[in-house]
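Go by the hints and put chain B onto chain A.
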Amino acid sequence: MYFIAQIVIVILLFSIQTTWLSLFSVGGVVPDLTLIWVVYCGVHCSRAMGLGSGIVTGILQDSLSGGLLGVNTLSKSFIGWFFSTLKGKFYVEGVIPVAFFLVISSLFDGLVFYFSMNTVLKGEVATRFLYQSLPTYSFYNGIIGPVLFVALNRFDSWLKFKTSDPYMARFK
Amino acid sequence: MSITAKQEQGMSFLDSIAGLILSPFQNLFTSTVQSVSDGVDHYFDLVNVSKENERLKSEVERLINEKNELIEKIARQKRVAGLVAYQDDRKKESLVASVIGRDATQWSKVVVIDKGSQHGIKKHLAVVTNSGVIGQIIHAGLTTSKVLLTIDSRSAVDALFQESRVSGVVVGTGEEQCQIKYVPNTADIKVGDRVLSSGLGGIFPKGLFVGTVSKVVKKKQGLFQEITLTPSSDLSKLEEVLVFLS
Chain A
4 MYFIAQIVIV
14 ILLFSIQTTW
24 LSLFSVGGVV
34 PDLTLIWVVY
44 CGVHCSRAMG
54 LGSGIVTGIL
64 QDSLSGGLLG
74 VNTLSKSFIG
84 WFFSTLKGKF
94 YVEGVIPVAF
104 FLVISSLFDG
114 LVFYFSMNTV
124 LKGEVATRFL
134 YQSLPTYSFY
144 NGIIGPVLFV
154 ALNRFDSWLK
164 FKTSDPYMAR
174 FK
Chain B
443 MSITAKQEQG
453 MSFLDSIAGL
463 ILSPFQNLFT
473 STVQSVSDGV
483 DHYFDLVNVS
493 KENERLKSEV
503 ERLINEKNEL
513 IEKIARQKRV
523 AGLVAYQDDR
533 KKESLVASVI
543 GRDATQWSKV
553 VVIDKGSQHG
563 IKKHLAVVTN
573 SGVIGQIIHA
583 GLTTSKVLLT
593 IDSRSAVDAL
603 FQESRVSGVV
613 VGTGEEQCQI
623 KYVPNTADIK
633 VGDRVLSSGL
643 GGIFPKGLFV
653 GTVSKVVKKK
663 QGLFQEITLT
673 PSSDLSKLEE
683 VLVFLS
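Those protein sequence lines, which keep their order, are chains A and B.
Converting from the first sequence to this note's numbering requires adding 3 to each position, the first position being numbered 1.
Converting from the second sequence to this note's numbering requires adding 442 to each position, the first position being numbered 1.
By construction, these hints were calculated from the structure, which means they are not laboratory data.
There's no promise every hint is true.
Said to hold, decoys possible - Per label pair, the in silico range of CB-to-CB distance:
| # | chain 1 | residue 1 | chain 2 | residue 2 | range |
| --- | --- | --- | --- | --- | --- |
| 1 | B | 676 | A | 18 | 20 to 30 angstroms |
| 2 | A | 90 | B | 634 | 39 to 49 angstroms |
| 3 | A | 23 | B | 642 | 34 to 44 angstroms |
| 4 | B | 534 | A | 30 | 34 to 44 angstroms |
| 5 | A | 162 | B | 524 | 40 to 50 angstroms |
| 6 | B | 560 | A | 5 | 52 to 62 angstroms |
| 7 | A | 90 | B | 647 | 53 to 63 angstroms |
| 8 | A | 8 | B | 642 | 36 to 46 angstroms |
| 9 | A | 157 | B | 491 | 41 to 51 angstroms |
| 10 | A | 18 | B | 644 | 33 to 43 angstroms |
| 11 | B | 634 | A | 5 | 32 to 42 angstroms |
| 12 | B | 504 | A | 162 | 34 to 44 angstroms |
| 13 | B | 664 | A | 94 | 28 to 38 angstroms |
| 14 | B | 556 | A | 150 | 55 to 65 angstroms |
Unchecked claim - Here are a few chain B residues that face chain A, going by a calculated C-beta distance under 10 angstroms:
| # | residue |
| --- | --- |
| 15 | 542 |
| 16 | 581 |
| 17 | 584 |
| 18 | 617 |
| 19 | 675 |
| 20 | 678 |
| 21 | 682 |
Computed from a predicted model, the values in this text were never measured in an experiment.
Even for Gly, the Cβ is constructed at its ideal location relative to N, Cα and C.
So that you can see chain B by itself, here it is in the shape it has in the complex:
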């Protein structure tokens, strides 16, 4: 018993010494193995993470596209709702159409809409937005039609001023704005006056908003004033329009 005890005491002393000497190396090796093992594990993890990252990126891209599409759909719905509300107010048979093309030349101001004669569209129908008059149909194809905008130099709309009830003719200039012709010098016209369609000519119903006066020049000589009109809508940004079918 005493021999065994002595041997055990000796062993434990040797163990302690060996442990003392080996433990730093053991720690080093263990930590090295651990770190290598971790590195290998992380490498494989990284490969997976990289793959997942790619997948998530494409998912994010898809969601962004989806979101943009939804935003666009909501915006379109709002615009169409505005047109439909306007349509209900006017109590006239009408049709919502989308603008699918613009003029082929620099000089004409024409847009192409996605509705044609098979939808009931014919020549000389009034085309409006919820802001007011934008033009008239000049050609109705089977599935598409051409709309001559009020700013085209061939366009003329008989109109009157909302307040003074003086009448004139709104003609296009081929640029962003229109002019009102044949308004006598004696008429009291101010910048900001609203101009409505008079109903004469048989294309545009009476009372549709045509535009706002942006400039008035009264010449000392001559019978008529030079009046510039800003159209009711921004005609370079048309997307949906309403065609009055009667």
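Same shape as in the complex, but just chain A:
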């Protein structure tokens, strides 16, 4: 049940990301809901789930963006692994820590893309990407992230309550 719910969340987030999220673009930049979800899974779920969410999301993004094979898989799975491995070492609760770690994750995600495109993939990414699009993207994720974290937390609690033992649930 929990696993199916996570699949539904991924489908929902991808659907929003690829359809009407562009309505909220700031200077052509939109937040990355799936990145926020990967960080959330890394922080709140098991290590396997954190890493798995990164790999699955990255592969899906790579396949949907048409031939940018590997860049998103690399960055998202690293982010998922990083948070699921080190979640006990630092505190990722509350608006400011969540926003901070999302900004850092977004910067990492963008830098992986930039250096992959400009070196291995021989693309043409303008240098102003580093001082215009990337900071906007990171801060946008940092603003939207805590809100999505709260929503995912609520959904998680509700789901755990629904899927728990009905006898024990009475005492919660």
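Showing chain B alone in chain A's frame:
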């Protein structure tokens, strides 16, 4: 007779007095009863009016929705008519498709259209609007396809300037604008110059509008100019596109 007349005179006098005394009360009672009756009637009327108001409100809402749908349909018809006119002008076999999705990542500039291989779409077909080139097919699924937009950093279109006929390569930057590479410093390029597809590369037919020059930087050192190009269409607001099938 005279007795009766006297009695009648007396009665009419009493009547007048009684009438005089009672009439204000009668008026009061009548008007009270009337107003209560009116109130009750109006209350029931109001209940009906309230119900009717609800019904009319929902009717107005339905009509507004219908109107919006019709406006949207008319707008779509106009856009499609523009594409069809463009299609007729080009005299090439083509297909109108709707944009149903956008890129899944921040960094790629790809749109998904609602036509795939079962509609005759295959890889490396040119995709345009009536304003000009917007991209090429990079993946054709059964019912949907992915279009790599000209602003994507992986995109390259061989192009030439309409006036000077100097050639260059339009490459995406991953942002709202493109750049034209390999235009020699000696070439006379001005802001506002129109750029067309050259036909080289085999994807885009010759003469399609690619964009307009928005910035030119000539460096003292180096062989080539730095030219920024505004694409032919606003690629963030694509709704219908035309795919050239040959």
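Against the structure, the hints:
{"no.": "1", "hint": "B:676 <-> A:18: 20 to 30 angstroms", "verdict": "23 angstroms, holds"}
{"no.": "2", "hint": "A:90 <-> B:634: 39 to 49 angstroms", "verdict": "55 angstroms, violated"}
{"no.": "3", "hint": "A:23 <-> B:642: 34 to 44 angstroms", "verdict": "38 angstroms, holds"}
{"no.": "4", "hint": "B:534 <-> A:30: 34 to 44 angstroms", "verdict": "36 angstroms, holds"}
{"no.": "5", "hint": "A:162 <-> B:524: 40 to 50 angstroms", "verdict": "48 angstroms, holds"}
{"no.": "6", "hint": "B:560 <-> A:5: 52 to 62 angstroms", "verdict": "37 angstroms, violated"}
{"no.": "7", "hint": "A:90 <-> B:647: 53 to 63 angstroms", "verdict": "55 angstroms, holds"}
{"no.": "8", "hint": "A:8 <-> B:642: 36 to 46 angstroms", "verdict": "52 angstroms, violated"}
{"no.": "9", "hint": "A:157 <-> B:491: 41 to 51 angstroms", "verdict": "43 angstroms, holds"}
{"no.": "10", "hint": "A:18 <-> B:644: 33 to 43 angstroms", "verdict": "35 angstroms, holds"}
{"no.": "11", "hint": "B:634 <-> A:5: 32 to 42 angstroms", "verdict": "59 angstroms, violated"}
{"no.": "12", "hint": "B:504 <-> A:162: 34 to 44 angstroms", "verdict": "37 angstroms, holds"}
{"no.": "13", "hint": "B:664 <-> A:94: 28 to 38 angstroms", "verdict": "51 angstroms, violated"}
{"no.": "14", "hint": "B:556 <-> A:150: 55 to 65 angstroms", "verdict": "32 angstroms, violated"}
{"no.": "15", "hint": "542", "verdict": "8 angstroms, holds"}
{"no.": "16", "hint": "581", "verdict": "5 angstroms, holds"}
{"no.": "17", "hint": "584", "verdict": "15 angstroms, violated"}
{"no.": "18", "hint": "617", "verdict": "6 angstroms, holds"}
{"no.": "19", "hint": "675", "verdict": "15 angstroms, violated"}
{"no.": "20", "hint": "678", "verdict": "6 angstroms, holds"}
{"no.": "21", "hint": "682", "verdict": "16 angstroms, violated"}
Checked against the numbered hints above, the structure breaks hints 2, 6, 8, 11, 13, 14, 17, 19 and 21 and satisfies the rest.
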